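Turn these sequences into a full structure, and let the hints steer you where they fit.
Number of protein chains: 2
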Amino acid sequence: MTTSTTNATMTVDEAASLAAAAAPHLAASSPSTRAAWLEAVADALDRRVTELVALADEESHLGTTRLTGEVARTTGQLRLFAAVLGDGAFLEVVIDHADAAATPPKPELRRMLRPTGPVAVFSASNFPFAFSVAGGDTASALAAGCPVIVKAHSAHPRLSRLTAEIVIEALHDAGAPEGSFALVEGRDQGTALVQHPAITAVGFTGSLAGGRALFDLASRRPAPIPFYGELGSTNPVVITAAALQGDRAAVLARGLAGSFTLGVGQFCTNPGLVLVPAGSGFAELVAEAANGTAAGRMLTPGIADAYQSGAARAAAHPGVRTLLGGDAEAPQSGVATVLATTAATVLEDPEVLLEEIFGPATLIIEYADESELHAVLAAVGGALTATVHAAPDEDVTELVSRLEPLAGRVLFGGWPTGVAVGWAQHHGGPWPATTSLHTSVGATAVRRFQRPIVYQDTPERVLPEALHESNPLRLPRRIDGVLELPA
Amino acid sequence: MTTSTTNATMTVDEAASLAAAAAPHLAASSPSTRAAWLEAVADALDRRVTELVALADEESHLGTTRLTGEVARTTGQLRLFAAVLGDGAFLEVVIDHADAAATPPKPELRRMLRPTGPVAVFSASNFPFAFSVAGGDTASALAAGCPVIVKAHSAHPRLSRLTAEIVIEALHDAGAPEGSFALVEGRDQGTALVQHPAITAVGFTGSLAGGRALFDLASRRPAPIPFYGELGSTNPVVITAAALQGDRAAVLARGLAGSFTLGVGQFCTNPGLVLVPAGSGFAELVAEAANGTAAGRMLTPGIADAYQSGAARAAAHPGVRTLLGGDAEAPQSGVATVLATTAATVLEDPEVLLEEIFGPATLIIEYADESELHAVLAAVGGALTATVHAAPDEDVTELVSRLEPLAGRVLFGGWPTGVAVGWAQHHGGPWPATTSLHTSVGATAVRRFQRPIVYQDTPERVLPEALHESNPLRLPRRIDGVLELPA
Numbered sequence: 138m139t140t141s142t143t144n145a146t147m148t149v150d151e152a153a154s155l156a157a158a159a160a161p162h163l164a165a166s167s168p169s170t171r172a173a174w175l176e177a178v179a180d181a182l183d184r185r186v187t188e189l190v191a192l193a194d195e196e197s198h199l200g201t202t203r204l205t206g207e208v209a210r211t212t213g214q215l216r217l218f219a220a221v222l223g224d225g226a227f228l229e230v231v232i233d234h235a236d237a238a239a240t241p242p243k244p245e246l247r248r249m250l251r252p253t254g255p256v257a258v259f260s261a262s263n264f265p266f267a268f269s270v271a272g273g274d275t276a277s278a279l280a281a282g283c284p285v286i287v288k289a290h291s292a293h294p295r296l297s298r299l300t301a302e303i304v305i306e307a308l309h310d311a312g313a314p315e316g317s318f319a320l321v322e323g324r325d326q327g328t329a330l331v332q333h334p335a336i337t338a339v340g341f342t343g344s345l346a347g348g349r350a351l352f353d354l355a356s357r358r359p360a361p362i363p364f365y366g367e368l369g370s371t372n373p374v375v376i377t378a379a380a381l382q383g384d385r386a387a388v389l390a391r392g393l394a395g396s397f398t399l400g401v402g403q404f405c406t407n408p409g410l411v412l413v414p415a416g417s418g419f420a421e422l423v424a425e426a427a428n429g430t431a432a433g434r435m436l437t438p439g440i441a442d443a444y445q446s447g448a449a450r451a452a453a454h455p456g457v458r459t460l461l462g463g464d465a466e467a468p469q470s471g472v473a474t475v476l477a478t479t480a481a482t483v484l485e486d487p488e489v490l491l492e493e494i495f496g497p498a499t500l501i502i503e504y505a506d507e508s509e510l511h512a513v514l515a516a517v518g519g520a521l522t523a524t525v526h527a528a529p530d531e532d533v534t535e536l537v538s539r540l541e542p543l544a545g546r547v548l549f550g551g552w553p554t555g556v557a558v559g560w561a562q563h564h565g566g567p568w569p570a571t572t573s574l575h576t577s578v579g580a581t582a583v584r585r586f587q588r589p590i591v592y593q594d595t596p597e598r599v600l601p602e603a604l605h606e607s608n609p610l611r612l613p614r615r616i617d618g619v620l621e622l623p624a
Numbered sequence: 138m139t140t141s142t143t144n145a146t147m148t149v150d151e152a153a154s155l156a157a158a159a160a161p162h163l164a165a166s167s168p169s170t171r172a173a174w175l176e177a178v179a180d181a182l183d184r185r186v187t188e189l190v191a192l193a194d195e196e197s198h199l200g201t202t203r204l205t206g207e208v209a210r211t212t213g214q215l216r217l218f219a220a221v222l223g224d225g226a227f228l229e230v231v232i233d234h235a236d237a238a239a240t241p242p243k244p245e246l247r248r249m250l251r252p253t254g255p256v257a258v259f260s261a262s263n264f265p266f267a268f269s270v271a272g273g274d275t276a277s278a279l280a281a282g283c284p285v286i287v288k289a290h291s292a293h294p295r296l297s298r299l300t301a302e303i304v305i306e307a308l309h310d311a312g313a314p315e316g317s318f319a320l321v322e323g324r325d326q327g328t329a330l331v332q333h334p335a336i337t338a339v340g341f342t343g344s345l346a347g348g349r350a351l352f353d354l355a356s357r358r359p360a361p362i363p364f365y366g367e368l369g370s371t372n373p374v375v376i377t378a379a380a381l382q383g384d385r386a387a388v389l390a391r392g393l394a395g396s397f398t399l400g401v402g403q404f405c406t407n408p409g410l411v412l413v414p415a416g417s418g419f420a421e422l423v424a425e426a427a428n429g430t431a432a433g434r435m436l437t438p439g440i441a442d443a444y445q446s447g448a449a450r451a452a453a454h455p456g457v458r459t460l461l462g463g464d465a466e467a468p469q470s471g472v473a474t475v476l477a478t479t480a481a482t483v484l485e486d487p488e489v490l491l492e493e494i495f496g497p498a499t500l501i502i503e504y505a506d507e508s509e510l511h512a513v514l515a516a517v518g519g520a521l522t523a524t525v526h527a528a529p530d531e532d533v534t535e536l537v538s539r540l541e542p543l544a545g546r547v548l549f550g551g552w553p554t555g556v557a558v559g560w561a562q563h564h565g566g567p568w569p570a571t572t573s574l575h576t577s578v579g580a581t582a583v584r585r586f587q588r589p590i591v592y593q594d595t596p597e598r599v600l601p602e603a604l605h606e607s608n609p610l611r612l613p614r615r616i617d618g619v620l621e622l623p624a
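The listed protein sequences correspond, in order, to chains A and B. Read in order, the letters of the first sequence are residues 138 to 624 in the numbering used here. Read in order, the letters of the second sequence are residues 138 to 624 in the numbering used here.
Hints listed in this document are in silico derivations from the structure and should not be mistaken for laboratory results. Hints may contain errors.
Said to hold, decoys possible - Partial pick of chain B residues on the chain A-facing surface, computed with a CB cut under 7 Å: (1) T148; (2) G223; (3) A226; (4) R248; (5) A561; (6) P589; (7) V591; (8) Q593; (9) D594; (10) L620.
If you're wondering where the values come from, they're calculated on a predicted model, not measured in any experiment. Each residue gets a CB set at the ideal place from its N, CA and C atoms; glycine is no exception.
Encoded structure:
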């Protein structure tokens with residue numbers, strides 16, 4: 138499978154002691170050096186795309202088209218963080234010159250962000266590339282200058298090993314220190330990783346239950362460390378009456394059906410709760426549009442079982458109608474499910490009915506009036522996204538003000554699946570969507586693994602190059618309170 | 138004491154429900170509006186400085202000179218955050234324009250940071266103004282657009298109430314929404330505050346034990362929230378042999394004596410561990426310089442008791458010499474203590490000897506060679522500061538690389554007490570110095586209470602003004618990947 142003789146998998150103790158030894162070397166590397174490492178990893182993954190996709194499809198059943206796109210997304214992320222390094226704003230250089238005349242006299246202060254040290258990354262089942270071994274957490278931690286130890290996901294062990302071998306070889310060939318990257322496997326190793334004293338932060342994408350358990354481990358350490366987790370999301374969608382006028386209802390129904398069944402519904406941005414006006418008949422249109430969607434094979438037997446029991450539990454709830462769904466014929470397959478109920482029913486039992494069902498299911502919630510709509514939104518937990526479908530000239534200011542507190546991304550039109558890679562992107566939201574303010578997606582992912590350090594009255598020969606007065610790295614800087622761009 | 142009829146103290150439930158109601162109004166306020174609120178609070182505190190200082194001195198015994206300076210520092214902090222609001226970079230506006238030709242097509246994304254919601258602030262005993270009711274946590278949370286509920290410190294209840302009344306009146310007169318600020322008192326109320334569902338983050342300055350307990354409460358909530366704590370610090374100082382040449386030894390000894398006894402040693406930046414070459418006689422010089430320092434009255438009987446028992450415990454340790462110290466004659470007073478030992482002794486029992494003693498004490502640790510110095514530094518916990526005293530032309534690169542991982546501020550020359558207020562300042566460090574990457578000091582204090590939100594394909598009439606294409610607020614922005622300053 139690979140020409141490398143590197144053994145990609147090791148024990149936590151081995152990996153952590155190599156990472157701790159590598160950390161000062163990574164911290165001393167220049168941003169442009171690390172950008173070259175990230176580019177090298179991206180290029181190596183792109184070169185091996187056919188082999189990677191074939192193996193990923195064997196293990197994940199997500200299909201070669203989707204997986205080929207996901208490799209491109211993953212290498213795009215690596216290159217975005219290389220661009221972040223090239224830009225230099227991520228170092229947040231701030232210089233206050235000395236002022237001996239001030240009362241009290243002000244010392245010279247030169248501040249920047251520095252890497253925290255070795256980072257643990259837990260990869261996800263549903264994105265075997267983009268949120269896995271070489272995904273956003275790994276890319277942003279390496280960009281920050283932190284060694285990375287990935288805990289492989291058990292749903293794609295062979296792909297994890299191959300990806301790790303490619304990453305290790307590319308980093309080695311590009312001159313990165315030994316210990317910059319390692320892979321560990323197994324639940325016990327994951328637990329040991331979060332608790333290892335050398336680890337300074339954890340990145341995680343996965344289930345609410347698994348994430349909460351690791352968050353608790355990270356918080357209960359003798360020296361607690363930050364846990365950056367993305368855990369679960371229902372992604373509420375609100376459709377107004379005006380949005381359903383004319384033939385728009387059928388268009389929206391087809392759009393929703395395409396979004397919630399995409400990738401067998403195994404996206405954290407799956408639109409799981411859709412609020413529509415009562416009497417609109419929208420739920421029936423969605424069922425019609427989703428009818429005939431082939432039941433796809435889900436990632437693992439466990440995920441398929443959880444999907445079927447979650448959908449069955451909601452369907453069996455008094456007041457919930459099943460418009461589409463049923464038992465899977467093939468093992469491990471996910472049949473599209475469309476459920477419908479009223480806002481009043483949801484408000485009687487929000488804990489059950491507003492829970493995420495991970496898979497190709499959506500619950501259409503019919504609201505009688507604005508106050509019911511607002512009451513349901515107040516009961517929805519934090520989410521990655523919130524979507525509005527309204528008529529072009531409709532006043533939705535009030536509605537948006539109720540969606541903003543719920544989610545990290547607010548969409549007008551469109552559907553939440555599909556998360557563009559770019560500087561402005563954000564993928565996060567209040568608990569339980571994420572545990573933290575910034576996540577593995579978007580340029581600020583880097584800052585999770587950086588801490589400020591300020592040098593007071595320090596001779597230039599001792600300072601990092603980024604803080605030299607002449608600005609040799611051509612960084613954006615704040616000088617005596619004023620933000621300045623390099624000439 | 139005040140002309141206001143406002144009752145500054147209320148229950149957590151009252152305060153939290155007012156804060157939750159105020160939150161959307163604060164979130165909708167413009168940065169310049171909030172800057173005016175902060176200026177109004179600063180002006181009101183400055184106008185009442187005499188009255189505030191008198192009351193603070195009655196409760197804290199810190200003296201009117203120090204306390205008058207601390208009011209100036211506090212209003213300086215409020216005005217710094219007003220300047221942060223005026224600058225606008227804190228909103229981190231990032232705009233990626235749509236690209237319909239991309240594969241897949243890219244939507245328009247407009248991103249900024251938005252306030253998280255109501256914030257709890259626990260004030261400190263040792264800074265009754267600057268890290269208390271109207272201190273850096275409060276100033277930065279209000280700047281971010283978050284309502285604040287302060288838990289008063291029991292060491293200065295009357296000052297807390299007066300300060301709160303002044304803050305509430307100033308905010309009210311400046312037009313801030315009711316519920317923007319409240320004060321609660323008592324340990325039970327503090328516990329309830331951290332656990333209240335409306336609270337989105339906690340700021341804390343205080344002891345390691347108290348901070349850990351509240352951190353655990355915040356982490357164990359059904360929906361965990363971030364706990365931004367500053368807990369304790371030993372602030373190691375390393376003095377090289379070359380730095381002690383000639384009359385420099387006596388100068389450094391006097392400087393250290395002045396720093397560790399300042400404010401009866403009740404500073405989180407107190408230089409508690411000082412590493413010097415064995416045989417330098419430096420410890421004796423420090424004892425001589427500190428001899429005769431008047432025993433000041435400490436903040437509370439509990440702090441005085443903890444200081445005396447902590448100093449006695451270290452002094453009684455085999456291998457530790459007491460060069461200065463003794464029992465206090467007046468109740469609640471802190472007598473300067475100078476202890477000395479060897480690096481070898483410290484390495485036998487680092488947990489006891491490297492523990493912070495809060496008060497006017499310093500432990501001089503004599504190292505025989507570089508390897509002993511490095512071994513002690515490896516055993517020191519995270520700290521707010523690390524200081525180097527070396528000769529001007531000495532190569533200290535290796536030493537600095539060992540200090541950087543320990544602390545958030547590295548000083549050359551000088552002493553760590555005294556934390557200048559400014560854009561470049563940082564006051565934090567690895568556990569147990571702080572629990573988080575950014576703290577209440579410095580311009581990035583604001584970002585602890587902001588979360589990213591991105592608007593996808595959203596009509597301008599619904600967007601916050603900060604995200605309008607024409608840049609009406611004249612903000613620094615990143616447009617399609619390029620950082621731009623307002624013309």
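To see whether the hints hold, each was checked on the structure:
1. T148: 23 Å, violated
2. G223: Hint violated; G223 (chain B) Cβ to chain A Cβ min 10 Å, cut 7 Å.
3. A226: At 6 Å from the nearest chain A Cβ, A226 (chain B) passes the 7 Å test, so the hint holds.
4. R248: Holds - the Cβ of R248 (chain B) comes within 7 Å of chain A, reaching about 4 Å at its closest.
5. A561: With a minimum Cβ separation of about 4 Å from chain A (threshold 7 Å), the hint on A561 (chain B) holds.
6. P589: 4 Å, holds
7. V591: With Cβ-Cβ at 4 Å, under 7 Å, it holds.
8. Q593: 4 Å, holds
9. D594: 5 Å, holds
10. L620: Hint on L620 (chain B): holds, closest Cβ of chain A at ~6 Å, below 7 Å.
The structure is inconsistent with the numbered hints 1, 2, although it conforms to all the rest.
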